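Chemist: These are the residues of each chain, in order.
Protein chains: 2
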Amino acid sequence: MPVSRSLLDSLRKIIPPLDGSLHKGQSGRVGIMGGAQDYTGAPFFAAISALRMGADLSHIICAPSAANAIKSYAPDLIVHPVLHHPSSESFSPECLKSELSSLLSRLHVLVIGPGLGREDYMISHAKMALNLAKENGMYVVLDADALWMLGQDLGILKGYRRAVITPNVMEFKRLSEAVGIDPSTPPDSCASLVSKALGGVTVLQKGPEDVIATNTRGVSPKEAHDISKLPDNVPRERLEEETVTKVDTLGGFKRVGGQGDVLSGCTATWLAWGKCYETGAFGDGSISTTHLPHLAAVGGSIVTRTTSRFAFQKNGRALLTQDLVGEIQRAFLEAFPDSDTPGQKSGKL
Amino acid sequence: MPVSRSLLDSLRKIIPPLDGSLHKGQSGRVGIMGGAQDYTGAPFFAAISALRMGADLSHIICAPSAANAIKSYAPDLIVHPVLHHPSSESFSPECLKSELSSLLSRLHVLVIGPGLGREDYMISHAKMALNLAKENGMYVVLDADALWMLGQDLGILKGYRRAVITPNVMEFKRLSEAVGIDPSTPPDSCASLVSKALGGVTVLQKGPEDVIATNTRGVSPKEAHDISKLPDNVPRERLEEETVTKVDTLGGFKRVGGQGDVLSGCTATWLAWGKCYETGAFGDGSISTTHLPHLAAVGGSIVTRTTSRFAFQKNGRALLTQDLVGEIQRAFLEAFPDSDTPGQKSGKL
Numbered sequence: 001m002p003v004s005r006s007l008l009d010s011l012r013k014i015i016p017p018l019d020g021s022l023h024k025g026q027s028g029r030v031g032i033m034g035g036a037q038d039y040t041g042a043p044f045f046a047a048i049s050a051l052r053m054g055a056d057l058s059h060i061i062c063a064p065s066a067a068n069a070i071k072s073y074a075p076d077l078i079v080h081p082v083l084h085h086p087s088s089e090s091f092s093p094e095c096l097k098s099e100l101s102s103l104l105s106r107l108h109v110l111v112i113g114p115g116l117g118r119e120d121y122m123i124s125h126a127k128m129a130l131n132l133a134k135e136n137g138m139y140v141v142l143d144a145d146a147l148w149m150l151g152q153d154l155g156i157l158k159g160y161r162r163a164v165i166t167p168n169v170m171e172f173k174r175l176s177e178a179v180g181i182d183p184s185t186p187p188d189s190c191a192s193l194v195s196k197a198l199g200g201v202t203v204l205q206k207g208p209e210d211v212i213a214t215n216t217r218g219v220s221p222k223e224a225h226d227i228s229k230l231p232d233n234v235p236r237e238r239l240e241e242e243t244v245t246k247v248d249t250l251g252g253f254k255r256v257g258g259q260g261d262v263l264s265g266c267t268a269t270w271l272a273w274g275k276c277y278e279t280g281a282f283g284d285g286s287i288s289t290t291h292l293p294h295l296a297a298v299g300g301s302i303v304t305r306t307t308s309r310f311a312f313q314k315n316g317r318a319l320l321t322q323d324l325v326g327e328i329q330r331a332f333l334e335a336f337p338d339s340d341t342p343g344q345k346s347g348k349l
Numbered sequence: 001m002p003v004s005r006s007l008l009d010s011l012r013k014i015i016p017p018l019d020g021s022l023h024k025g026q027s028g029r030v031g032i033m034g035g036a037q038d039y040t041g042a043p044f045f046a047a048i049s050a051l052r053m054g055a056d057l058s059h060i061i062c063a064p065s066a067a068n069a070i071k072s073y074a075p076d077l078i079v080h081p082v083l084h085h086p087s088s089e090s091f092s093p094e095c096l097k098s099e100l101s102s103l104l105s106r107l108h109v110l111v112i113g114p115g116l117g118r119e120d121y122m123i124s125h126a127k128m129a130l131n132l133a134k135e136n137g138m139y140v141v142l143d144a145d146a147l148w149m150l151g152q153d154l155g156i157l158k159g160y161r162r163a164v165i166t167p168n169v170m171e172f173k174r175l176s177e178a179v180g181i182d183p184s185t186p187p188d189s190c191a192s193l194v195s196k197a198l199g200g201v202t203v204l205q206k207g208p209e210d211v212i213a214t215n216t217r218g219v220s221p222k223e224a225h226d227i228s229k230l231p232d233n234v235p236r237e238r239l240e241e242e243t244v245t246k247v248d249t250l251g252g253f254k255r256v257g258g259q260g261d262v263l264s265g266c267t268a269t270w271l272a273w274g275k276c277y278e279t280g281a282f283g284d285g286s287i288s289t290t291h292l293p294h295l296a297a298v299g300g301s302i303v304t305r306t307t308s309r310f311a312f313q314k315n316g317r318a319l320l321t322q323d324l325v326g327e328i329q330r331a332f333l334e335a336f337p338d339s340d341t342p343g344q345k346s347g348k349l
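Taken in sequence, the protein lines are chains A and B. Everything in the first sequence is counted per full-length UniProt numbering, starting at 1 for the first residue and increasing by one. Everything in the second sequence is counted per full-length UniProt numbering, starting at 1 for the first residue and increasing by one.
Misleading hints may appear alongside valid ones.
When chains are identical, the list treats them as one kind, so a pair holds in a single copy or across two.
Here are the simulated DSS-like cross-link-like pairs (lysine-lysine), alpha carbons at most 30 Å apart as the crow flies [claimed, not checked]: (1) K314 with K127; (2) K246 with K71; (3) K173 with K127; (4) K254 with K97; (5) K134 with K158; (6) K254 with K127; (7) K173 with K24.
The set of hints was computed from the structure by calculation and includes no laboratory data. Note that the coordinates shown come from a computational prediction; the quantities given were computed from them, not determined experimentally.
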């Protein structure tokens, strides 16, 4: 139930080697879908955190009204203002679909939700992107407003096991209700039941401890979409299992808005690494791809909580989420010492 | 008259505990209304100061022409560019009212004024927001151009005791004239008379010493709007009293523009904490809610003056208001030592 040694060993195996053997992109190409008129910070924090975790490229797919502000936060991001309002002359569904297809084909993982907002057209665009991601067998993270979208229509994600959802207390409560969890269920069991109800999607329930649950019991082969999309050389384990991991790594005590975006960005980078590992860019291929969402969620949780603790130690009550970004490297090395050592091959870690 | 020990004790009680027991938002959700074509720094300084004081979320409600600049200053803010010019296609009074209602329902306190400007339509939007805030029993701070607005029409705030106004020398002079204070009145008594004339609104008169006055003598029950809006569990003291506190904490000697915005932001966070305290998010409930505006104004004054001193010591004549923002944490700890200690419950402070 706590983070096991073997789980940490598996995580170490999907950290890309830092020895000059990889080329640009092989440590992860991450996309964040979100950013609307009122919300520009959330996608930025997710995207910059993905880079500070170690991804090579970080893209944001957002509404035109959000693009200039997001671009101004950091020149390191690539910002695509393609999520037009349907009333815009620049909009056509075919055009958007083609743009999204082209963009997603270059990414390893897509985070949907930070700063997405709940306007009908943004939700509709997000659904289009999610469907394309599923067709491509991409890893996805759903957070924030995308969890609201999921609560309205569970079918959009059900059974897609290359997904991690990251609900906070309120979002988890709404999702539990949406999937019909009995309110008298012991709190400890809820995350696993939500995962089961969603056909094995990995649930990262944020809280005093983060609970990561992947429950594929009773999942029909038809629901386990992901399997069919794997390259031939990837080991197939059609698991029927329940895995629950609790991460109690000490975090900070300030609950400033935006910290969830750091978590979704860090988790996305783990998933992107998993994708690179899966496709043979590095590593020994010993990790079953069906475990990657669970591993990534645990890794994202450990790094983000450590990051939050370090930033809180420096800033106390004055903590802003921008303070977290600069601590990700130190937190990563605290959690995974020696993983940055040049010349160390991941297979030997 | 100087800051009493019991007043400091009361302030300590409304500082949220930093022990992990609160969730996001329970240390304050602050809104700043202001930001027009020519004025983008003022609402930013108020909003970021509120966060650095310890609020969890900070929103800015501004004109569209100001939004991109404000957003670019910090991704930690949430910026709502809803204050359209009436000639804009995007404007309708019903739509704005509905947007403001929805926004304000999520906030604990609203600061009106920083960078508001004096254009008719912005003043009209500000009045709409103030009325909605009063209907909701929200705490409000009026500063800068909102004080000019108040001078034109005292009725918009009269008797609303959940308000703090923060006039500087010129603004105070104009307000004194507007409420009809005899020019020969001893300067020491003026703040209290302005408070009385406004039906008990707390006045924070900025100057070499800050004078904070709350004078409810002669206030009719009808004028004391706030009382009726209190939750049932809040102690009711219908005070008829005059409280004047002088804050002579040493500040900096550079009078660079923007420091007043830091004060309004810091005061807003104290009020937001007061609201969270009042609704039982933390604390022992022993502080009467009628004292909160006075307490918050004193707390805001102490922290801002200390912040200004620290920033002045480092920057001297070159001082900018952005230099203050980074000193808020240290100033807060100087004024309220041990208040950041993890595990310390506010009730025991």
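Chemist: Can you list which hints this structure breaks, lowest number first?
Modeler: Hints 1, 2, 4 and 6 not satisfied by this model.
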